[in-house]
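Student: Protein chains in written order, with the numbering used here: chain D, 1 to 822; chain E, 1 to 455.
Where hints are given, some of them may not hold.
[As the list claims (entries may be wrong)] Distance condition first, Cα-Cα at most 20 Å in a straight line; then the derived SDA-like pairs of lysine to any residue:
{"no.": "1", "chain 1": "D", "residue 1": "Lys167", "chain 2": "E", "residue 2": "Gly367"}
{"no.": "2", "chain 1": "E", "residue 1": "Lys126", "chain 2": "E", "residue 2": "Ile44"}
{"no.": "3", "chain 1": "D", "residue 1": "Lys227", "chain 2": "E", "residue 2": "Gly407"}
{"no.": "4", "chain 1": "E", "residue 1": "Lys55", "chain 2": "D", "residue 2": "Gly203"}
{"no.": "5", "chain 1": "E", "residue 1": "Lys54", "chain 2": "D", "residue 2": "Leu168"}
{"no.": "6", "chain 1": "D", "residue 1": "Lys154", "chain 2": "E", "residue 2": "Pro53"}
{"no.": "7", "chain 1": "D", "residue 1": "Lys199", "chain 2": "E", "residue 2": "Ile44"}
{"no.": "8", "chain 1": "E", "residue 1": "Lys55", "chain 2": "D", "residue 2": "Val200"}
{"no.": "9", "chain 1": "D", "residue 1": "Lys154", "chain 2": "E", "residue 2": "Ala56"}
{"no.": "10", "chain 1": "D", "residue 1": "Lys199", "chain 2": "E", "residue 2": "Ile42"}
{"no.": "11", "chain 1": "E", "residue 1": "Lys387", "chain 2": "D", "residue 2": "Leu168"}
{"no.": "12", "chain 1": "D", "residue 1": "Lys199", "chain 2": "E", "residue 2": "Gly52"}
{"no.": "13", "chain 1": "D", "residue 1": "Lys199", "chain 2": "E", "residue 2": "Glu57"}
{"no.": "14", "chain 1": "D", "residue 1": "Lys199", "chain 2": "E", "residue 2": "Gln113"}
{"no.": "15", "chain 1": "D", "residue 1": "Lys154", "chain 2": "E", "residue 2": "Glu57"}
{"no.": "16", "chain 1": "D", "residue 1": "Lys154", "chain 2": "E", "residue 2": "Lys346"}
{"no.": "17", "chain 1": "E", "residue 1": "Lys306", "chain 2": "D", "residue 2": "Ser152"}
{"no.": "18", "chain 1": "D", "residue 1": "Lys199", "chain 2": "E", "residue 2": "Lys55"}
{"no.": "19", "chain 1": "E", "residue 1": "Lys346", "chain 2": "D", "residue 2": "Leu168"}
{"no.": "20", "chain 1": "D", "residue 1": "Lys199", "chain 2": "E", "residue 2": "Ala56"}
{"no.": "21", "chain 1": "D", "residue 1": "Lys154", "chain 2": "E", "residue 2": "Gly52"}
[Claimed, not checked] If you want a taste of the chain E side facing chain D, the calculated C-beta under 7 Å gives, among others:
{"no.": "22", "residue": "Lys54"}
{"no.": "23", "residue": "Pro157"}
{"no.": "24", "residue": "Thr159"}
Calculated directly from the structure, the hints in this document are not laboratory data.
Even for Gly, the Cβ is constructed at its ideal location relative to N, Cα and C.
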Amino acid sequence: MIMEKRMKFISQWRGFAILIVLCLASAPASAAKKVKLLQVEVFPPAIVLDGVREESQLVITGHYSDGSIRDLTREAELTSTNEQVAALQGSVVVPVGNGSADINIKVTGKKISTTVSVSNQDKPQPVSFLYDTLAALSKNNCNAGACHGSPSGKAGFRLSLRAFDPKLDELTLIREDFGRRTNSLDADNSLLLLKPLMKVAHGGGRQIRSDDPAYAVIRDWIAEGCKMDAADAPQPVSIEVYPKSGRILEKPAFGQQISVWAHYSDGSVRDVTKMAVYTSSDVEVADVDRTGLVNGARRGEIAVIVRYLEFIESCFLTFTEEIEGFQWNDPPVHNYVDTLVDEKLQQLQYLASNLCTDEEFIRRLYLDVIGILPALDEVQKFAENNSANKRDVLVDALLQRPEYAKFWALKWGDLLRLTSGQVTPEGVHKYYRWVERSLRENKPYDQFAMELLTASGSTLTNPAGNFYRTAKDMNDCVETISQVFMGARLQCAKCHNHPFERWTQDNYYGMAAFFNRIQRKNTKRTNEMFIWVADSGDVTQPRTGQKMTPWVPGQGEITDPDKHDSRRDFARWLTQADNPFFAKIEVNRIWSHVFGRGIVDPPDDFRDTNPPSNAALLDRLASEFVESGYDRKAILATMLKSRAYQASYQPNDFNTDDVKYFSHYQPRLLGAEQLLDAICHVTDIPEIFSGLPVGTKATQLPAPDLVKNDFLKIFGQPDRQTVCACERTSESNLSMAIQFFNGPLVYGKLRDEKNSFRKMIEAGKNDTEIISQLYQRAVCRLPSETELQASLDHLVSKENRVEALEDICWAILNTNEFLFQH
Amino acid sequence: MHSELKIMNKSGIQLVAGILLGTLCLSLQAEEVSFKSGIAPILIDNCLACHGPKKAEGGYRVDSYERFLTAGDSEAAAITAGNLEESESLQRIIAEDDCFRMPLEGDPLSVDQIALITQWIKEGAKYDADDPQAVLASIVPAPTYPDPPETYPRSVPVTAVAFNPAGSQLVAGGYYELTIWNVADGSLVRRIKNMAQRTFAIRFSNDGKTIIAGGGSPGQIGEARLFDAETGELQQVLGTTSDVVLDVQLNPSGDKLAVAGADGAVQIFNLSDAKAVRTITSHSDWVMAVAWNADGTQIASASRDKTAKVFDVETGELLVTYGGHSQPVQGVVFHPNDELVYSSGKDNKIHWWNKADGKKSGELALGGEVFKLQQTGAFIFAASADKSVRQLDAASQKEVRKYAGHGDWALSSAHHSDTKRVASGGFNGDIQIWNAEDGKSLISFVAAPGISKKE
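Using the sequences provided together with the hints, build the complete structure.
Tutor: Set out below in structure tokens:
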């Protein structure tokens with residue numbers, strides 16, 4: 001056991017040593033670039049330390065002759081001109097005595113300085129419970145969701161999640177259980193400190209050190225007698241992060257110190273770098289330590305999320321590195337999508353893959369636009385077409401096909417939770433037809449949303465009213481609307497401030513105030529529900545007991561809401577051109593459907609901690625979408641006509657590890673319904689869905705619960721119980737493999753007396769013709785010589801010709817080329 | 001640089017000499033190293049946090065002698081009598097590589113401590129207490145606590161109060177002490193040192209000669225201490241456990257003591273010989289209060305596990321569980337008719353329920369959480385976070401009087417029938433003495449030596 005541990009340690013150390021060697025090895029490469037340091041800049045330019053608890057994190061930046069910038073905070077030599085006034089702890093300036101001093105900064109022959117003015121060192125500066133103690137507990141994760149911040153706490157000790165409820169925390173820390181957690185006569189001997197120090201057994205293990213800044217804050221607060229803040233004490237109103245977003249850091253200069261300032265209600269500012277909490281959106285690219293120092297590991301982009309109490313800001317950083325042998329090759333640009341994709345690829349030194357073949361393109365495009373495989377003659381016609389713009393022409397043509405509306409209604413059916421269980425059997429057909437018609441007529445997306453959000457009346461005459469049938473109460477409305485139309489997951493904020501995002505509990509109930517007056521009543525007519533809005537009714541914030549005014553992000557409270565139906569105010573705000581969410585979430589959703597991955601991914605999870613992989617692209621798509629009058633077909637056509645969409649799935653030497661920047665196409669398993677339709681297409685045996693018109697395809701089912709089909713369930717058809725895109729899963733599992741190995745559906749179609757190859761036998765086709773057609777049906781291409789020969793050999797080896805063809809067809813259905821969209 | 005190095009070398013030599021000398025001295029001593037007074041305290045202070053019942057890192061625990069000797073996941077013998085090499089625990093303590101040395105991430109044990117453990121193993125790793133499975137806290141000699149502050153920088157919550165039999169003095173829990181106050185004028189009469197950090201229950205023995213105080217240091221130790229009421233001398237320590245003792249109660253005849261606390265157990269001791277006669281471990285969380293019935297055959301308990309229970313003292317059998325509070329239960333007493341039980345809790349209520357079937361019979365809502373219940377004669381007293389003490393008629397549950405106007409949460413209460421006085425202790429450190437005849441406040445003072453009487 002010990003030996004094992006020892007080995008682990010040794011191998012870890014060896015890994016570390018290799019890392020150092022690598023770092024050293026890469027250093028000279030960029031040193032060879034010969035850039036000159038032009039100017040050094042220090043933040044903050046002047047420091048005021050008014051009180052014994054104040055301090056200031058310096059951030060020193062070098063500007064170089066090639067236009068690049070570099071964080072020099074740790075390289076610079078720092079000295080104080082008066083150690084009796086201000087001293088340095090690393091790159092942090094701490095006060096010593098009243099007076100003023102300069103901090104001199106020397107780096108690579110450049111010298112600059114910043115002034116420090118220190119005051120109020122001769123009197124105590126009490127710890128603030130709200131802004132110091134609670135921040136210290138948050139900094140050390142005491143109140144995290146997995147620890148004492150969980151709704152029932154841990155081991156009898158419960159804190160509010162991320163300190164969102166200071167009143168509760170005050171009671172718990174000071175009074176609960178006879179004040180056992182704090183000892184103001186001997187603060188170091190308080191259970192609140194002994195436990196995380198592991199001086200007393202603590203289920204959470206060691207969480208604090210006696211030299212942590214948080215330790216001193218908590219100890220001093222207890223020693224001062226666990227005092228509450230004065231009612232008129234200034235409050236923080238915002239935080240500011242330095243540097244601003246957008247820095248590009250070139251390897252090997254992959255470090256960046258961050259500093260955080262809190263702005264107070266009295267206009268004062270204070271450095272809170274040491275009490276802020278830092279999170280990296282992608283730890284594989286870069287990590288952030290407790291002191292706000294970012295350390296890049298490889299090329300890519302991250303958002304550093306900075307949290308101080310309920311304030312959240314982020315700082316976007318890009319890390320670039322020289323890839324050996326990389327040379328930008330100016331790939332063809334079809335439209336602005338490619339220009340913006342290429343900018344990112346070039347910056348991060350990825351090369352785009354070549355265009356896919358025509359066979360790959362037609363299969364890919366049919367599956368994405370209309371959900372089904374192309375007919376034989378369509379494949380042949382496309383192959384024979386020699387015109388230069390035939391791909392664009394095909395895109396435009398497919399968008400006019402009736403199957404387009406039906407297939408995209410399947411996607412919207414997931415979001416709107418179309419099930420006969422929730423919308424009734426009759427209702428679900430009407431609702432489906434409403435969605436399908438909206439898509440067929442290419443109803444502007446803002447109008448589509450407006451009609452859903454403000455729907456009233458009978459659900460049979462106005463099927464859009466079913467929106468409020470599936471969103472069955474106030475909470476459901478807030479959570480559904482925010483996720484579908486704003487890409488925000490607000491469920492957390494129902495009970496507490498969102499732990500990682502800006503959303504607060506007030507926001508949740510502020511939004512709820514638009515939807516609390518909606519009334520729903522089943523009428524005497526079967527399957528009918530009547531939706532209307534009552535004239536009164538208020539929302540009370542459960543924690544504060546406050547009556548909520550309708551509220552929207554960015555704009556704040558709606559002071560003069562529509563007296564009869566405040567949903568209209570919300571819908572107007574949502575669909576106005578400058579709404580920060582509405583257009584983006586929809587173009588991102590469309591993008592993710594055709595690219596297999598959103599620019600923000602998961603596509604319905606927009607948040608600071610999950611930044612877009614190409615913000616400029618997302619912004620441009622959104623603004624084009626708004627300018628086109630929310631024309632979904634137009635934006636879809638732009639995407640489909642881009643080179644980025646038409647890129648081969650095969651990576652090259654310079655993009656193998658890229659999954660985020662669209663340098664090559666991401667192969668993916670066909671969706672459950674697509675797959676079933678594809679099997680039917682290859683075997684020419686349609687699936688019969690009882691109760692639905694003959695010829696209805698799986699991709700055209702109005703609701704999953706209208707039919708019971710095991711195959712669809714196994715391949716991830718969602719129950720539509722939630723609005724989350726994640727409900728449709730493409731995770732592969734054993735049942736899927738078994739379905740294709742010897743499942744009843746595949747088996748049945750292969751053995752069917754009227755299937756495609758049996759009909760071809762009847763029509764007198766020869767083996768080569770049959771095999772070729774099967775390939776064309778399944779993967780839109782003719783078999784290669786080896787494939788054809790292998791099939792013919794099998795036919796020779798087997799006595800029974802039909803059985804041999806069954807085998808061949810079965811084998812084709814089991815190829816990745818068939819199962820995947822590529 | 002060179003001279004520094006030399007000095008370091010020198011002190012290094014001194015250190016080695018110190019170890020040699022230390023071992024020499026020890027080996028010269030005739031007495032063998034004691035596990036309970038020598039080894040167990042080292043384990044408690046340095047090892048128990050990670051190798052105990054709450055967290056058994058590496059599958060290894062040291063919370064009893066038997067466990068200390070039992071190998072953890074590594075299956076390497078933890079302690080082998082007389083064999084230092086095959087004592088994995090010692091090897092980990094003296095390891096040079098700080099990735100292996102215990103305590104992990106902590107300062108290494110001192111030279112003296114290591115010498116003591118080494119010597120003990122050499123001498124055969126013997127056990128010098130009774131039960132090898134007993135928790136360490138219960139076998140180590142009772143600690144001598146630090147002196148309380150001469151004058152308090154600030155007051156501490158008054159978590160326990162008790163009148164002396166004559167009713168002239170009030171004993172209150174202080175910080176590492178019991179303070180005794182003159183009921184008439186609130187002056188400090190006496191201080192009894194060598195009490196644990198906090199006191200949660202104070203009782204007088206039936207003959208009035210002994211003060212029994214239950215308390216402890218949160219998360220570290222809990223115990224009941226028996227002091228001579230006259231001299232303040234410590235007579236006995238009972239029921240030592242790993243977290244605070246929250247209540248102590250004598251049976252009606254005064255020969256048995258129930259001790260309950262944050263270890264979730266109720267221990268019953270014979271006062272005559274200090275032997276534990278029964279331990280009840282039915283609760284899954286702290287036991288906040290206990291009570292005896294009139295004939296001393298049953299015990300009721302109130303627990304943070306949101307239940308109150310009644311047990312047969314003789315057999316330890318659980319007779320009934322009451323879960324009606326749905327919140328931690330903090331106080332419990334028997335109805336004089338011995339058919340009902342009163343309990344109080346964080347649900348801000350006093351419930352009374354049938355002992356026979358655990359069904360609720362009635363409840364009284366107060367304006368804040370209700371702490372311990374006290375019974376004297378025909379009355380029940382309840383201290384509450386609504387800053388008052390309620391006096392109820394024990395038979396009818398009628399409110400007799402409300403002692404309102406405490407400056408803060410009332411945490412504790414006591415009643416003296418003969419002098420008709422009620423005392424209450426508050427979270428803010430105040431003690432208030434009330435006239436039980438009219439409910440008027442007679443005097444209020446801060447129960448912290450050195451902090452002057454309030455104006």
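Student: Quick check: which numbered hints come out false for this structure?
Tutor: Violated: hint 5 alone.
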